[in-house]
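Engineer: Sequence:
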Amino acid sequence: MKNYLCMILLFVLGCAMVRAACSLRAPGVPVNTQSATSCPFKKEVTLPGCYKFSFTGCQGKGTAVTSSGSGGGNNNDDDDDDDDDDDDDDDGGGSSGGGGSGGGSGGSLVCKATVADDKPTPNKASCQVSWANVTEFNKSPIKKTTIPSACVFRANTVPMKIKLTWQCDNSASKPDGIFDILAEYQKDPPPPTGNLQFAVGSWLLEDAGSQPQGLASITRE
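Residues -20 to -1, 1 to 201 in mature numbering (1 follows the signal peptide of the UniProt record, and there is no 0) are what the sequence shown lists, from first letter to last.
Just to be clear, a hint being listed does not mean it is correct.
Claimed, not checked - Derived Cβ-Cβ restraints for the label pairs, each shown as a range:
1. A112 <-> P28: 17 to 27 Å
2. Q166 <-> K119: 29 to 39 Å
3. T173 <-> P121: 23 to 33 Å
To be verified - List time: in silico PhoX-like cross-link candidates among lysine-lysine, alpha-carbon distance up to 20 Å:
4. K99 <-> K141
5. K124 <-> K92
6. K167 <-> K99
7. K167 <-> K104
8. K22 <-> K104
9. K104 <-> K41
10. K41 <-> K119
11. K22 <-> K41
Just so you know, the hints here were simulated from the structure itself, not pulled from any lab data. Here a beta-carbon is modelled for each residue, glycine too, at the ideal position from N, C-alpha and C.
Please construct the entire structure, taking both the sequences and the accompanying hints into account.
Structural biologist: In structure tokens:
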């Protein structure tokens, strides 16, 4: 009977740990499709057909579920879901050794958000939000970092691709919360329909008052 109860308890605790995850969110990314089940992590998503992307900052909060044996709980999630796909190879066995200190309240947590386009000379911008340790992360309300002036990525003659990256290089057991990229995502507008016809000749913008002479410029937003 005792063995049966122990098995049930272990099953319940195991399910609770599997459910713990940090949800990674951004405009244009479907809800509940990106998450990290351990730190460190690095996730990338590409948004196609983008006309304009205004990157304004990042924010996060959460509750990390720690285990008494943090070495096993912070094993790069080799046996977890596919969300931590390419990160296990990048991190190697190093973070497993660091799990002893990362599983408790020692060691800072820094979450970084990066946005880049796919132009021949790529534009890139990053910002980050940090906590002193896991305990602060657990108890902290939403914490935000805002870019002083929004970094705006614009397409030229064809829609562009935008690559989003969520990253944390520190160690912590089973983060449970959110990490958001704050931005405005505008897909390429549909082509205009109809036509405009002007007779051959010269056209004045303004022929009275203090308006200066010049050429009309039409910008599609």
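Engineer: A separate judgement is required for each hint: does it hold in the structure or not?
Structural biologist: Tested hints:
1. Look at A112 against P28: about 38 Å separates their beta carbons, and that is not inside 17 to 27 Å.
2. Distance hint for Q166 and K119: a CB-CB separation of about 36 Å, consistent with the stated range 29 to 39 Å.
3. Distance hint check for T173 and P121: the Cβ-Cβ separation is about 48 Å, which falls outside the suggested range of 23 to 33 Å.
4. This hinted pair checks out: K99 and K141 have alpha carbons roughly 8 Å apart, not beyond 20 Å.
5. Restraint check: the Cα-Cα separation between K124 and K92 comes to about 12 Å, which is no more than 20 Å; the hinted pair holds.
6. Our distance criterion of 20 Å between C-alpha atoms is met by K167 and K99, whose separation comes to about 16 Å.
7. The straight-line distance between the Cα atoms of K167 and K104 is roughly 19 Å, inside the 20 Å bound, and the hint therefore holds.
8. Of the pairs offered as hints, the one joining K22 and K104 holds, with about 17 Å between alpha carbons and a cut-off of 20 Å not exceeded.
9. Proposed proximity of K104 and K41 is contradicted: the alpha carbons are some 25 Å apart, above 20 Å.
10. For the hint pairing K41 with K119, the CA-to-CA distance comes to about 8 Å; that is within 20 Å, so the pair holds.
11. For the hint pairing K22 with K41, the CA-to-CA distance comes to about 17 Å; that is within 20 Å, so the pair holds.
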